[in-house]
Amino acid sequence: MASFMIPFKALFFLIVVLHQSPTVFASSSSIAANETETLLKWKASLDNNTQTLLSSWVGGSHCNWVGITCDLAGTITDLSLPDHMSNLKGTLHSLNFCFFPNLVWVNLRNNSLYGPIPSHIGNLSKLIHLDLSHNIFSGNIPSEIGLLKSLELISLSNNEINGSIPQEIGKLSSVSKIYFYVNHLRGSIPEEVCNLSKLTELDLSQNNFFGSIPSKIGRLSSLSILALNANNLTGPIPISIGSLHNLSRLILVDNRLNGSIPKEVGMMKSLNMLDLSSNQLTGPIPTSIGNLSNMVWLYLYRNQLSGSIPNEIGLLQSLNTLQLLTNHLNGVIPTSIGNLTKLSSLLLNGNVISGSIPQEIGMLKSLNQLSLFNNSFSGSIPASIGNLTSLPALYLGQNMFSGSIPASIGNITKLVVLGLQYNHLSGPIPSFSNLTHLESFQISNNHLSGPLPDNVCLGGQLKMLGAINNNLRGPIPSSLRNCKSLSRVRLEGNQLTGNISEAFGIYPNLNYIALSNNKFYGELSPNWGQCHNLTSLRISNNNISGKIPPELKHATQLHELDVSSNHLIGEIPKELGALTLMYKLLLSSNQFSGKIPPEIGVLSNLKYLNLASNNLSGQIPNQLGECSKLLDLNLSKNKLGESIPFSVSYINGLRNLDLSQNLLIGEIPQQLAKLHSLEILDLSHNMLNGSIPNSFNDLQSLTVVNISYNQLEGPIPNIKAFHKAPFDALRNNRGLCGNATGLMPCVPITSNKKGHRKRTRLIILIVIPIFGILLLLFIMAGSFLILCQKNQTRQSESIEAQLGDFFTLWGYNGRILYENIIEATEDFSSNNCIGSGGYGAVYKAALPIGEVVAVKKLHQSEDSMISNNLKAFKSEIHVLSEIRHRNIVKLYGFCSHPKNSFLVYEFVERGSLRMVLSNKDEAMELDWEKRLNAVKGVANALSYMHHDHSPPIIHRDISSNNVLLDLDYETHVSDFGTARLLKPDSSNWTSLAGTFGYIAPELAYTMKIDERCDVYSFGVLTMEIFMGRHPGDLISYLPSSSSASTSTSVPNDNQQILLTDVIDQRLSPPVRQVAKDVVSTTKLAFACLNGNPQLRPTMQQVAEALTRQSCPLANPFSIIKLGELWDHEVCNG
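Just so you know, the sequence shown maps onto residues -26 to -1, 1 to 1107 in mature numbering (1 follows the signal peptide of the UniProt record, and there is no 0).
No wet-lab data here; the hints were simulated from the structure. Mixed in with the good hints, there may be bad ones.
Claimed, not checked - Okay, the calculated beta carbon distance ranges per label pair:
no.	residue 1	residue 2	range
1	Gln1039	Gly34	51 to 57 Å
2	Lys493	Asn713	32 to 38 Å
3	Ala820	Asn668	51 to 57 Å
4	Ser1042	Ser112	20 to 26 Å
As the list claims (entries may be wrong) - PhoX-like mimics (lysine-lysine), calculated; alpha carbons at most 20 Å apart, straight line:
no.	residue 1	residue 2
5	Lys100	Lys63
6	Lys548	Lys569
7	Lys316	Lys339
8	Lys904	Lys603
9	Lys437	Lys458
10	Lys548	Lys521
11	Lys493	Lys527
12	Lys1095	Lys904
13	Lys910	Lys603
14	Lys151	Lys172
15	Lys437	Lys493
None of the values given here were measured: they were computed from a predicted structure. Using N, Cα and C, we set each Cβ at its ideal position, and we do this for glycine too.
The task is simple: from the sequences and hints, build the whole structure.
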């Protein structure tokens, strides 16, 4: 029976098929015709070049066309034109998907298709594979995507799609893989995603998603890969994530997630990669992490994690990479770390881990990355570290290691970089005879003694040697003399000896060498001229004698020559004029004689020229006026004679001119008044005569002047620098007069002397009797007032004593001026308030003496601090009030009064930089050139306070609120020293001074406040000036330092962001030279934002770099990416 039924069923099926086949074939034929017509229409809409690539799309059956696959009925099932096979360029607008009912596979990846994804794509009801990645699609994801019920894979990655993910995505019940990474998607991640029970891979990374991770993410039980990195996600990591038992990779790096790491992470036992780095996570590393026995890669760096490294970390015996750098971790390294024998990367730098390095570290023989720098490690470096023979780099700097350098380090034969700087290491440097691959050897700022090892460059590959500030003695080893690979050498601050003409050789790659503050002797070798890449040669404060060799002219890349404080003799060679890139020439405190060579005038890039304290004679050459970029000219303490050449007035940017202690004669040239940037002028101890030119009234930038010990006469200029000059700066002249301390007022001369004497006698006869009567009346009235107002007088005296220190700076009655300020501010009425800050509110006050000032009325807490330590406060005020710099708001003084305490500053008209940037009209007026000048102004102010002021002063609160703009948009930094005045204990992190968003990251876990904190704040401020807003998100994406690995499974797409998209969109993009300057300044800003404070440049380096000519752009400004601007070191000293 069964055998009969089978043929019968087959026959029945054949009859049915034959009966219906005309209709089926007719339908398939119609579908094929529509498909052909639609494809040809789409081809015609594409770019002309693209059409030629689809040359097979003509005539015949469309099933034979390139990229087309059909079913047996001749209808299309597969449209695949991927990977530049055709390099299609055009839109999908004409590709009507309604005519492809049997299409199951679409692959158009890696082309140049653009425009929106059409909504009619929802008609592809049989589609199981959709790949449109690596194109230029834009617009939103159409909600019709939810109609693709058969879809198993959807990839829209690497496009320019924006908008949010439609909720309809939750209807893709068959989907297993979703790739939306590298787009501009925003909004929150829809909860509907959690309904996709078959989902195994979800990658939404490198978009702009915000909000929290969906709390029901744990429903995706089939999920093996979850990548949400490089978004703006906030909130905690949901505890339901522990339900993802099949998850192998969890990548949440580069978001703003907060809260602690949930202990439920330990339930994901399939996990082999966990990357939670670059977030704002706090709390300890959970001990449950020890359950993740399959873990291979663990990244938790750049968070705010605290507590110690759990001992359970030693259970992760499959671990290959452990990166916990840049957190607040403390405690010690657990000894269980010795169990991680497969570990190849261990990065713990940038924490506050203490104690000694455990001996067990030597068991990690697979390590090829070990970075422990910038912690609080102490004790000796264990000898077992020499077992790490695969290690190419060892970073132990910036700790408190003591004892000697272990000789066992010599066993690490593959070592390329050895960093031991900034510790307390002592004793001699071992002879590392096996380190033949060493390229960088850094031991600066320790207590090492003895000589440099003979074989320091045994392998001939050493490029960078840093041994600053140790107690090294002895000569330079012969291996260093012959080390042709050297590029950067810093040996200053030791007691090294030897004949410098024999100690060093010819180095074709050398670009920087600093040998200052040692005991080298001998003469400068002509060989330095053969170091053709040398940019900086610093040999100051040694015992070098002889002459400067003229052969030095062949070192044509030389930017800086510092041989000051030696015993050099002879004339300054004219051949130095060949060094046209020179920007700093320091020859002071030697025994040079003869004339200043006029060839110096050829150095058009020169910014600093110091020839002071020599025996130079003759005339100051006119050619110096051709050094148009000079900022600082010091020719003091020589024997220069004749008159001051008026050509000096051609140096428009000159800020400091010191010609003191020479033999100069004649009058002061009136042309010097053209030096509108001049801040310091010292012409003292010469033989200048005549009067000071009236044109000096135009020197409004002048802050410090000294013209003492000359033969000058007549009135002093009517500017602040002269009015406020101390008498020692004006004394010993022939007859100066004017409104300044110690000078007589200027009185017009009367021709009739006899009449004058008669009038004088008459006045005396009248005045003396009247004066006697008035005196008697005053004595009587005074006695009465004393009796009636005894208590009031005591109070008055107290107030006067407190007011005196401030108001005597103006030479004005303190009590009256105090009352004037109260009156001008209407007793500190809110109507006169122009701003507020952390220490008090600021008021504008127009005083009767003609001054308009800014008055900062202090909060009560600061007021009480002053009362408790008034003497120290006064001392600080006097120091700060003497600061004179064009880019620093002048502090006139203070008042400490029982009712009101306030600081009084120079008034700056336009207010704060933040106010200007927040106002559209004013921000547009602040064009790119003005913004670049604003950056330079702040840099100059910080450089002056950090490096040129004694003692150095750290600002501690650099922000756009504390940078003011005058009417010419010149920047003036305010509140310099206020943090130190009002928060004297702010070096303690519990009372940290500064503005959130500008504070250097290390201040979150260290008590050390130094100049590098200001450098970081300057970097933030620079980017704020360029972006027109605070750069908070951008800063969070910056790599912490070049030495820290930030490797993840997915590259950081922020490196691909265009600079032109980041800068202020209210302005047209910069062009020509301005564009170059914006790029170079951005590089400097990123260098300042380095997470490692020791790798940041100094403000002096930044200020000098900003004065240099910007390099040509490698690419057009419009395509420069942020990634091209990171990791640029500022190396000018």
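Ascending list of hint numbers which this structure does not respect: 2, 3, 5, 11, 12 and 15
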